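Chain by chain, the residues:
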Amino acid sequence: MTDARKPQGKKLSELELIERAKQGDAEAFESLYNLHKRRVYSLCLRMTANTAAAEDLTQEAFLQLFRKIGTFRGESAFSTWLHRMAVNVVLMQLRKKGLPVVPLDDTVETEEEIPKKELGGPDRNLAGSIDRLQLQRAVDDLPPGYRSIFVLHDVEGYEHNEIAEIVGCSVGNSKSQLHKARLKLRELLKTSRAEKARKP
Amino acid sequence: MNCEEFELALPDVDDDPTIEQQSHLNSCRACSELVADLDAISQQAKLLGSSDEPSPRVWNFIEIALRQEGLIREQQKLEPFLVPRQPPRRRLEWLIPVAAMVLLMLGIVQYKRVSSPVASRTPDASTSQIADAANIADDQQLLEVVSRRTPTMRASYEANLRDVNSYIRDAEESVKIDPNDEQARRDLMNAYEQRSMVYEMALDRSLP
Numbered sequence: 001m002t003d004a005r006k007p008q009g010k011k012l013s014e015l016e017l018i019e020r021a022k023q024g025d026a027e028a029f030e031s032l033y034n035l036h037k038r039r040v041y042s043l044c045l046r047m048t049a050n051t052a053a054a055e056d057l058t059q060e061a062f063l064q065l066f067r068k069i070g071t072f073r074g075e076s077a078f079s080t081w082l083h084r085m086a087v088n089v090v091l092m093q094l095r096k097k098g099l100p101v102v103p104l105d106d107t108v109e110t111e112e113e114i115p116k117k118e119l120g121g122p123d124r125n126l127a128g129s130i131d132r133l134q135l136q137r138a139v140d141d142l143p144p145g146y147r148s149i150f151v152l153h154d155v156e157g158y159e160h161n162e163i164a165e166i167v168g169c170s171v172g173n174s175k176s177q178l179h180k181a182r183l184k185l186r187e188l189l190k191t192s193r194a195e196k197a198r199k200p
Numbered sequence: 001m002n003c004e005e006f007e008l009a010l011p012d013v014d015d016d017p018t019i020e021q022q023s024h025l026n027s028c029r030a031c032s033e034l035v036a037d038l039d040a041i042s043q044q045a046k047l048l049g050s051s052d053e054p055s056p057r058v059w060n061f062i063e064i065a066l067r068q069e070g071l072i073r074e075q076q077k078l079e080p081f082l083v084p085r086q087p088p089r090r091r092l093e094w095l096i097p098v099a100a101m102v103l104l105m106l107g108i109v110q111y112k113r114v115s116s117p118v119a120s121r122t123p124d125a126s127t128s129q130i131a132d133a134a135n136i137a138d139d140q141q142l143l144e145v146v147s148r149r150t151p152t153m154r155a156s157y158e159a160n161l162r163d164v165n166s167y168i169r170d171a172e173e174s175v176k177i178d179p180n181d182e183q184a185r186r187d188l189m190n191a192y193e194q195r196s197m198v199y200e201m202a203l204d205r206s207l208p
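Chains as they are written, first to last, in the numbering used here: chain A, 1 to 200; chain B, 1 to 208.
It should be emphasised that the hints constitute simulated quantities derived from the structure, not laboratory data. Only a predicted model underlies this, so the values are computations on that prediction, with no experimental measurement involved. Each hint should be verified, as a subset may be incorrect.
Claimed, not checked - Straight-line C-alpha distance at most 27 angstroms; calculated DSS-like pairs for lysine-lysine: (1) Lys-68(A) x Lys-37(A); (2) Lys-190(A) x Lys-97(A); (3) Lys-175(A) x Lys-46(B); (4) Lys-196(A) x Lys-175(A); (5) Lys-97(A) x Lys-68(A); (6) Lys-190(A) x Lys-46(B); (7) Lys-68(A) x Lys-96(A); (8) Lys-68(A) x Lys-22(A); (9) Lys-46(B) x Lys-37(A); (10) Lys-96(A) x Lys-37(A); (11) Lys-176(B) x Lys-196(A); (12) Lys-22(A) x Lys-37(A).
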């Protein structure tokens with residue numbers, strides 16, 4: 001049970017808030033927004049790497065949700081419903097802009113797109129030295145196709161079969177793109193660390 | 001199993017590597033470091049989940065849209081929750097309908113003036129300046145009220161007013177260019193309504 005669903009003192013449970021929102025209660029809408037805004041906004045921000053676009057998409061995701069709240073029957077978790085809606089809003093926007101949501105199975109990648117494996121050599125171990133901001137910047141630098149899969153799987157916790165369904169690719173493709181995204185991130189993080197080390 | 005074979009199988013290696021893969025990992029420093037790095041990236045990624053907060057402007061726009069679409073309904077006599085209600089604000093309550101009405105009337109007057117073919121041919125600069133000055137004064141007064149009651153929301157309302165005023169200016173320009181443009185006239189009315197709604201929201205509710 002998430003915090004949102006626990007009745008706490010005067011606080012209403014999420015289901016009670018949903019019922020009030022269905023009746024048009026402004027504070028219930030606002031409370032639902034406050035409960036979920038960070039997660040939805042962070043998802044939008046990670047997927048687009050753009051603050052203004054992330055705010056627009058957050059707004060759009062919540063509006064779509066609130067317009068349909070009357071149809072929510074509680075069979076699934078509200079957060080799952082909202083989250084899936086946010087993902088769809090973001091993916092639709094990426095598609096509209098012509099950005100790849102996921103590279104196709106048979107996409108031929110160029111030399112620089114394939115992360116180098118860099119086996120051996122000095123200064124190769126990253127474990128224990130990655131901080132959140134560094135990783136955030138590296139994720140922002142990922143090509144959009146890799147970024148979507150990485151964010152959905154490693155940040156948002158979707159399984160490969162769910163990602164395959166959401167973005168319309170095979171499970172194998174999702175696994176392969178996730179692996180390439182992680183390799184690319186490793187490369188970006190190492191480059192950033194090397195640049196930092198060179199600075200006086 | 002060699003490094004190449006291990007790397008090919010790596011996308012499918014989840015939490016449980018096979019005995020053969022594990023044996024390779026135990027004997028190969030490069031591959032074990034690669035796996036450790038990828039695991040570290042994956043673990044650290046979980047912290048990015050809810051790390052950012054949208055600006056208050058996002059909720060303000062959502063609320064305006066919900067009110068415009070009639071999804072938020074007034075006069076909901078529900079029990080207070082989450083935040084104890086503020087004591088009654090009797091002194092200011094009468095201002096809400098008055099402000100909304102005045103704004104709407106001003107909007108309609110402005111709308112008629114702008115969309116009139118005569119006005120479009122000979123724009124009355126002094127009337128327009130007086131209306132603009134009155135709007136600026138109204139906005140300032142509203143922002144002062146917001147500052148007193150919910151200081152944290154001042155910047156957000158300031159941004160909303162700036163946006164809606166710019167929307168009004170653009171819509172007025174479009175109507176001036178072609179007073180018969182139905183879409184432009186609708187946009188202008190919509191812009192005035194939005195401005196009126198921002199006022200209503202600011203005076204009606206105690207925002208966090």
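Next item on the list: Starting from Lys-176(B), check that the Cα of Lys-196(A) is at most 27 angstroms away, please.
Entry: violated, 56 angstroms
Notebook entry, point to check: Do the alpha carbons of Lys-175(A) and Lys-46(B) lie within 27 angstroms of each other, as the hint requires?
Noted result: Within the cut-off at roughly 18 angstroms; holds.
Next item on the list: For the pair supplied as a hint, Lys-22(A) and Lys-37(A), confirm whether the alpha-carbon distance does not exceed 27 angstroms.
Entry: holds, 19 angstroms
Note to self: Holds or violated: Lys-46(B) and Lys-37(A), Cα atoms, limit 27 angstroms.
What the structure shows: holds, 17 angstroms
Notebook entry, point to check: Between Lys-96(A) and Lys-37(A), does the CA-CA distance stay at or below 27 angstroms?
Noted result: holds, 24 angstroms
Margin query: Need the status of pair Lys-97(A), Lys-68(A): alpha-carbon distance at most 27 angstroms?
Written below: Holds, because 26 angstroms separates the two Cα atoms, which is no more than 27 angstroms.
Next item on the list: Below or equal to 27 angstroms on CA atoms is what counts here, so check Lys-68(A) against Lys-22(A).
Entry: Given pair Lys-68(A), Lys-22(A) holds - Cα atoms ~9 angstroms apart, limit 27 angstroms.
Margin query: For a C-alpha distance cap of 27 angstroms, please report whether Lys-68(A) and Lys-96(A) respect it.
Written below: Satisfied, since the Cα-Cα distance of roughly 23 angstroms is no more than 27 angstroms.
Notebook entry, point to check: Does Lys-68(A) pair with Lys-37(A) here, judged by a C-alpha cut-off of 27 angstroms?
Noted result: holds, 17 angstroms
Note to self: So if I understand the rule, the pair passes when the alpha-carbon distance is 27 angstroms or less; does Lys-196(A) with Lys-175(A) pass?
What the structure shows: violated, 31 angstroms
Margin query: Given the hinted pair Lys-190(A) and Lys-97(A), is their Cα-Cα distance within 27 angstroms?
Written below: Violated: Lys-190(A) and Lys-97(A) sit about 30 angstroms apart, past 27 angstroms.
Check: Holds or violated: are the alpha carbons of Lys-190(A) and Lys-46(B) at most 27 angstroms from each other?
Finding: Status holds; Cα separation ~20 angstroms.
Hints 2, 4, 11, counting from the list given before, are not met by this structure.
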